[in-house]
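Asks: Protein sequence lines correspond, in order, to chains U and R.
Those letters in the first sequence? Residues 1 to 353, by this note's numbering.
Those letters in the second sequence? Residues 1 to 353, by this note's numbering.
Don't take each hint at face value.
Pairs involving identical chains hold if they fit within one copy or between any two copies, as the list cannot separate such chains.
Stated by the list, open to error - Okay, derived cross-link-like pairs now, SDA-like style, lysine to any residue, Cα gap no bigger than 25 Å in a straight line: (1) Lys151 to Arg317; (2) Lys151 to Arg315; (3) Lys131 to Ser77; (4) Lys151 to Gly234; (5) Lys336 to Arg105; (6) Lys151 to Arg189.
Because the hints were derived from the structure by calculation, they are not lab data.
On a predicted model such as this, the values are computed, not experimentally measured, just so you know.
Number of protein chains: 2
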Amino acid sequence: MALTLFEVAVWRDGRLRMLDQRLLPREERYLEFTSAEATARGIRDMVVRGAPAIGCATAFGVAVEARRLAARGIPASWSEAMAPGMRLLMESRPTAVNLRWALERMRPLLESTPPADVPDRLLAEAQAILKEDHEACREMGRHGASVLPEKSGGGVLTIMTHCNAGALATGGVYGTALGVIRGAVDAGRSLRVIACETRPFLQGARLTAWELHRDGIDTTLITDNMSGHLMSRGEIDVVVVGADRVAANGDAANKIGTYTHAVLARRHGIPFMVAAPLSTIDLQAADGSAIPIEERPEEEVTHLGGVRVAAAGVRVRNPAFDVTPAELITWFACEKGVVATPDRQKIAGLFSF
Amino acid sequence: MALTLFEVAVWRDGRLRMLDQRLLPREERYLEFTSAEATARGIRDMVVRGAPAIGCATAFGVAVEARRLAARGIPASWSEAMAPGMRLLMESRPTAVNLRWALERMRPLLESTPPADVPDRLLAEAQAILKEDHEACREMGRHGASVLPEKSGGGVLTIMTHCNAGALATGGVYGTALGVIRGAVDAGRSLRVIACETRPFLQGARLTAWELHRDGIDTTLITDNMSGHLMSRGEIDVVVVGADRVAANGDAANKIGTYTHAVLARRHGIPFMVAAPLSTIDLQAADGSAIPIEERPEEEVTHLGGVRVAAAGVRVRNPAFDVTPAELITWFACEKGVVATPDRQKIAGLFSF
Numbered sequence: 001m002a003l004t005l006f007e008v009a010v011w012r013d014g015r016l017r018m019l020d021q022r023l024l025p026r027e028e029r030y031l032e033f034t035s036a037e038a039t040a041r042g043i044r045d046m047v048v049r050g051a052p053a054i055g056c057a058t059a060f061g062v063a064v065e066a067r068r069l070a071a072r073g074i075p076a077s078w079s080e081a082m083a084p085g086m087r088l089l090m091e092s093r094p095t096a097v098n099l100r101w102a103l104e105r106m107r108p109l110l111e112s113t114p115p116a117d118v119p120d121r122l123l124a125e126a127q128a129i130l131k132e133d134h135e136a137c138r139e140m141g142r143h144g145a146s147v148l149p150e151k152s153g154g155g156v157l158t159i160m161t162h163c164n165a166g167a168l169a170t171g172g173v174y175g176t177a178l179g180v181i182r183g184a185v186d187a188g189r190s191l192r193v194i195a196c197e198t199r200p201f202l203q204g205a206r207l208t209a210w211e212l213h214r215d216g217i218d219t220t221l222i223t224d225n226m227s228g229h230l231m232s233r234g235e236i237d238v239v240v241v242g243a244d245r246v247a248a249n250g251d252a253a254n255k256i257g258t259y260t261h262a263v264l265a266r267r268h269g270i271p272f273m274v275a276a277p278l279s280t281i282d283l284q285a286a287d288g289s290a291i292p293i294e295e296r297p298e299e300e301v302t303h304l305g306g307v308r309v310a311a312a313g314v315r316v317r318n319p320a321f322d323v324t325p326a327e328l329i330t331w332f333a334c335e336k337g338v339v340a341t342p343d344r345q346k347i348a349g350l351f352s353f
Numbered sequence: 001m002a003l004t005l006f007e008v009a010v011w012r013d014g015r016l017r018m019l020d021q022r023l024l025p026r027e028e029r030y031l032e033f034t035s036a037e038a039t040a041r042g043i044r045d046m047v048v049r050g051a052p053a054i055g056c057a058t059a060f061g062v063a064v065e066a067r068r069l070a071a072r073g074i075p076a077s078w079s080e081a082m083a084p085g086m087r088l089l090m091e092s093r094p095t096a097v098n099l100r101w102a103l104e105r106m107r108p109l110l111e112s113t114p115p116a117d118v119p120d121r122l123l124a125e126a127q128a129i130l131k132e133d134h135e136a137c138r139e140m141g142r143h144g145a146s147v148l149p150e151k152s153g154g155g156v157l158t159i160m161t162h163c164n165a166g167a168l169a170t171g172g173v174y175g176t177a178l179g180v181i182r183g184a185v186d187a188g189r190s191l192r193v194i195a196c197e198t199r200p201f202l203q204g205a206r207l208t209a210w211e212l213h214r215d216g217i218d219t220t221l222i223t224d225n226m227s228g229h230l231m232s233r234g235e236i237d238v239v240v241v242g243a244d245r246v247a248a249n250g251d252a253a254n255k256i257g258t259y260t261h262a263v264l265a266r267r268h269g270i271p272f273m274v275a276a277p278l279s280t281i282d283l284q285a286a287d288g289s290a291i292p293i294e295e296r297p298e299e300e301v302t303h304l305g306g307v308r309v310a311a312a313g314v315r316v317r318n319p320a321f322d323v324t325p326a327e328l329i330t331w332f333a334c335e336k337g338v339v340a341t342p343d344r345q346k347i348a349g350l351f352s353f
């Protein structure tokens with residue numbers, strides 16, 4: 001299939017350029033970032049979102065910060081000079097581990113590179129991360145698609161997904177969960193997609209529906225609370241989602257609501273796939289309970305498009321993620337292949353070859 | 001506790017007057033109805049919603065139609081004259097059985113009453129239905145509250161509810177699920193409420209949060225997809241919802257998303273209560289599969305406050321209800337009392353004394 005390449009987080013004329021995903025699908029506006037501080041704010045405010053995309057944005061945020069500092073002269077210690085900006089990036093969002101992963105790839109280069117070469121070296125590393133993301137997504141898509149069930153009678157396979165784990169959540173092409181869907185289309189599978197709207201930020205309604213429609217993939221939008229009803233009617237064959245952080249035992253943090261879909265899928269005997277690159281696995285988190293769950297501002301729940309929809313005076317909770325225990329995950333798909341019923345041993349095995 | 005009495009569906013100066021619930025909480029506007037046709041449109045367009053409230057509105061819609069016809073002269077056959085209007089009412093919404101129930105209470109009066117007295121007799125019956133609703137909700141609230149679990153250590157009981165099964169969903173006071181909550185407050189219980197916003201129409205965010213806040217009950221709003229996360233963290237003690245139609249075996253149709261909460265509650269060992277008056281039980285429906293599920297317009301999902309939020313070109317599903325099987329229901333509370341783990345025999349028993 002012909003694929004759109006989105007400028008999720010790219011280098012352009014010495015700056016980090018990002019498509020402002022908050023305005024989609026109504027407007028395609030691009031913002032430019034020239035410091036780590038501005039990049040961190042962009043990540044926090046969700047100009048860019050999706051764990052792999054945040055990883056790419058973070059890497060370019062480090063590169064742009066080095067360029068900003070170098071314009072005033074090469075610092076005596078790159079590590080010291082970069083520390084405040086890297087801390088801001090690290091603190092921008094707590095759940096997506098790709099942010100920390102990207103910083104850990106960039107940080108050693110501050111010391112191992114001749115000082116004058118640091119800005120170029122960091123940029124080259126950020127570009128490498130972006131390129132690896134494209135390759136990982138394509139591989140993950142191919143692997144994930146290969147295990148999708150056949151629809152009996154040769155019918156159309158109905159795949160449900162939650163949030164946006166697409167091109168817009170990664171380096172701008174394929175995606176993770178949507179990479180699996182695109183991989184299935186490439187493999188000639190006949191399929192349709194059920195996209196959950198994903199309250200409160202509506203990534204499903206705004207982003208997934210938009211990018212799949214652009215690619216000509218048959219997509220039906222539902223509100224998040226309809227998945228159980230459709231499953232009970234036999235209208236969903238498989239669930240495929242992304243992840244923001246996968247613990248060492250296979251527990252997966254993903255957008256709020258994912259856990260609910262997994263519980264429902266189990267009740268109805270529907271396979272449940274998590275697709276994410278190795279960079280999303282946090283071996284330091286023993287299990288899901290070690291993954292920090294971000295609580296976001298109340299206004300995301302009470303307001304829509306700047307207009308208050310909820311009654312005044314009411315309290316609000318807004319956890320942005322939940323944890324799906326490994327026991328509910330049928331397959332974990334990554335660039336190395338597919339692991340059935342992930343556990344500690346199988347996850348560790350992904351890093352050993 | 002001091003209770004607000006809402007004008008959900010009341011008789012005023014020879015007309016049916018209804019609070020326009022579509023505009024809440026931003027505006028309290030009242031609409032007046034002088035025919036069955038206009039009333040049916042009001043029900044379909046959700047000026048009024050909630051099964052018991054629809055029952056009251058239907059009864060007054062019949063009364064106002066008779067008054068309209070009588071103004072042109074007493075018809076030769078009331079049954080024939082009223083048939084078109086009653087059909088429009090019957091077809092206004094398919095799932096809430098209280099609509100049919102109200103019509104079945106009104107219809108025999110067309111033949112059994114001296115023709116000149118029919119308008120007054122129908123109005124008296126509608127007023128009786130409204131009064132009975134108030135009493136049923138109060139009794140249901142008292143019964144339902146009596147079985148709510150104690151919080152260990154004397155702590156605050158956290159009750160989750162979905163949609164609006166409150167004063168606004170009934171005759172204007174107490175409510176069904178919220179009647180149980182108000183009953184618990186009256187009984188001196190210390191509690192807080194988690195209200196699910198209830199996409200796509202946001203009855204939880206707009207109506208439940210509004211009416212509970214007015215009554216001074218501690219209420220926290222969440223999006224529907226957060227319930228699983230909160231349950232997995234031990235933050236919900238009991239779920240209480242209403243119903244739009246209960247089948248003879250105890251299966252309960254209620255607002256879309258209810259089934260999902262019930263599945264999650266079962267996984268986490270959290271009791272799940274359905275509260276509804278006997279008028280919501282449909283003994284003609286053997287089980288949940290016999291309950292028609294309304295599919296509503298796409299715009300309810302794609303637009304918010306008149307503004308399109310979803311990507312253009314995407315398909316939409318919008319089932320307004322789902323069915324929770326009786327096996328997932330811990331208690332069914334009605335005006336006659338509370339039935340644990342409802343089944344065909346126990347539901348039948350509610351009508352035998």
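Asks: If a hint holds in the structure, say so; if it does not, say that too.
Replies: Now for the hints, and whether the structure bears them out:
When the C-alpha separation of Lys151 and Arg317 is checked against a cutoff of 25 Å, the pair qualifies only between copies, where the shortest distance is 21 Å, while the shortest distance within a copy is 40 Å. In this homomeric assembly, Lys151 and Arg315 come within 25 Å of each other (Cα to Cα) only across copies, at 21 Å, whereas the closest approach inside a single copy is 45 Å. For a Cα distance limit of 25 Å, the shortest separation of Lys131 from Ser77 qualifies neither inside one copy, at 29 Å, nor across copies, at 80 Å. In this homomeric assembly, Lys151 and Gly234 come within 25 Å of each other (Cα to Cα) only inside a single copy, at 12 Å, whereas the closest approach across copies is 38 Å.
With identical chains, the CA atoms of Lys336 and Arg105 are at most 25 Å apart within one copy only, with a shortest distance of 20 Å there and 67 Å across copies. Taking the shortest alpha-carbon separations for Lys151 and Arg189, only the intra-copy value of 10 Å comes in at or below 25 Å, while the best inter-copy value is 52 Å.
In summary, the one numbered hint that this structure violates is 3.
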